[in-house]
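**Student:** Residue strings, one per chain:
There are 2 protein chains.
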Amino acid sequence: MASRSTQILEAAARVIARRGVRGLRVEELAAEANVSTALIYYHFEDRSGILRHTLEFISDRAGRYTTRRDPDAEPLSPREELEQTLLLELQDTTEVRENSSAWGELRASAVFDDNLREELARATLVWVQEVAGLLGRVCPTAPAAALAASAERLTALLEGLSMRWLSGTLRVSRARTLMSEAIDSEADQLRN
Amino acid sequence: MASRSTQILEAAARVIARRGVRGLRVEELAAEANVSTALIYYHFEDRSGILRHTLEFISDRAGRYTTRRDPDAEPLSPREELEQTLLLELQDTTEVRENSSAWGELRASAVFDDNLREELARATLVWVQEVAGLLGRVCPTAPAAALAASAERLTALLEGLSMRWLSGTLRVSRARTLMSEAIDSEADQLRN
Numbered sequence: 060m061a062s063r064s065t066q067i068l069e070a071a072a073r074v075i076a077r078r079g080v081r082g083l084r085v086e087e088l089a090a091e092a093n094v095s096t097a098l099i100y101y102h103f104e105d106r107s108g109i110l111r112h113t114l115e116f117i118s119d120r121a122g123r124y125t126t127r128r129d130p131d132a133e134p135l136s137p138r139e140e141l142e143q144t145l146l147l148e149l150q151d152t153t154e155v156r157e158n159s160s161a162w163g164e165l166r167a168s169a170v171f172d173d174n175l176r177e178e179l180a181r182a183t184l185v186w187v188q189e190v191a192g193l194l195g196r197v198c199p200t201a202p203a204a205a206l207a208a209s210a211e212r213l214t215a216l217l218e219g220l221s222m223r224w225l226s227g228t229l230r231v232s233r234a235r236t237l238m239s240e241a242i243d244s245e246a247d248q249l250r251n
Numbered sequence: 060m061a062s063r064s065t066q067i068l069e070a071a072a073r074v075i076a077r078r079g080v081r082g083l084r085v086e087e088l089a090a091e092a093n094v095s096t097a098l099i100y101y102h103f104e105d106r107s108g109i110l111r112h113t114l115e116f117i118s119d120r121a122g123r124y125t126t127r128r129d130p131d132a133e134p135l136s137p138r139e140e141l142e143q144t145l146l147l148e149l150q151d152t153t154e155v156r157e158n159s160s161a162w163g164e165l166r167a168s169a170v171f172d173d174n175l176r177e178e179l180a181r182a183t184l185v186w187v188q189e190v191a192g193l194l195g196r197v198c199p200t201a202p203a204a205a206l207a208a209s210a211e212r213l214t215a216l217l218e219g220l221s222m223r224w225l226s227g228t229l230r231v232s233r234a235r236t237l238m239s240e241a242i243d244s245e246a247d248q249l250r251n
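First to last, the protein sequences are chains A and B.
Numbered according to the working numbering, the first sequence spans residues 60 to 251.
Numbered according to the working numbering, the second sequence spans residues 60 to 251.
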């Protein structure tokens with residue numbers, strides 16, 4: 060069973076994905092999470108604490124669904140592992156739509172709200188390092204700086220494509236094709 | 060002198076860049092543009108008309124500052140033309156910060172607001188076609204579908220890098236380096 064604080068963060072991600080960061084009122088969150096506002100303040104202190112913890116929660120959740128593998132399946136090659144980790148962010152499921160919409164919203168609000176910037180930079184860095192690590196297994200002789208640059212580009216491209224998909228400009232199948240070609244191209248460059 | 064409707068759209072872009080789409084109230088816009096709310100409704104009908112026209116205005120303005128060239132300078136090569144057009148979106152000036160913050164905000168709101176989607180898709184398409192045209196001058200023998208895919212990736216990457224820069228995750232100089240390497244890599248792939 061999810062703890063009370065997880066239950067609140069799950070509800071916060073749902074509300075942000077549905078109505079945006081500015082649509083998140085503590086009273087509404089309490090109703091959505093089926094808890095009292097006092098319990099929310101007890102766990103997260105204030106609205107800005109809720110937003111920071113929701114960002115961390117969303118980032119951890121994306122880490123889980125992009126690395127989830129069927130335990131009975133053949134082990135993946137490093138190249139397949141990299142591709143899956145990135146392409147699982149472009150799936151038309153409720154979980155991914157909700158998580159990515161909320162992430163895009165939190166990223167967009169950080170343009171106006173300094174309070175989110177540190178947590179956003181931290182979560183982005185963790186993600187970039189994870190992708191750089193996977194790229195390093197695909198191209199073991201590539202220098203660390205080149206792996207980091209490739210990982211920054213692939214993750215920024217994924218954010219860009221994901222926002223186009225969620226905002227109705229791009230079909231998810233097209234986003235996946237474009238992403239997949241970018242992975243090939245970055246891996247080619249790293250090998251040369 | 061700017062027309063009254065341009066004056067209103069300039070003010071709307073400023074307000075959205077400062078406080079987000081949800082921070083845009085017609086009364087506040089009237090004060091910022093120094094006009095009456097009646098004049099705003101006369102020109103744009105309703106709040107959703109304001110948002111659609113602001114998106115168009117922002118997109119046209121980006122088209123102007125990314126193609127502005129010194130008339131006395133040497134003409135640019137197709138490769139330089141492409142690079143300038145894209146890198147001029149990553150300049151730490153008030154105009155570009157304001158324009159890109161407002162664009163990111165409108166893109167993020169379109170996740171929740173169907174009303175903006177058509178105009179956003181149109182503006183994105185115009186931009187992708189412009190970049191595909193520039194890529195076609197760099198790589199005249201590349202097939203149209205490959206040019207379109209490269210242009211979609213480069214513009215989506217630019218949106219992703221731009222949001223990271225504006226939300227404080229990435230320095231603008233780093234964003235420019237990553238973008239520049241992506242242009243080289245896409246041009247290389249198109250030539251092979």
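Hint data in this document are derived by calculation from the structure and do not stem from the laboratory.
Where is the CB? At the ideal position from N, CA and C, for every residue including glycine.
Hints may be right or wrong, so weigh each one.
[As the list claims (entries may be wrong)] Example chain B residues on the side facing chain A (calculated, C-beta under 10 Å, incomplete):
(1) L146
(2) A167
(3) A169
(4) R176
(5) P199
(6) A203
(7) G219
(8) Q248
**Student:** Could you tell me which of the hints above the structure violates, numbers in ascending order?
**Tutor:** Numbers 1, 5, 6, in rising order.
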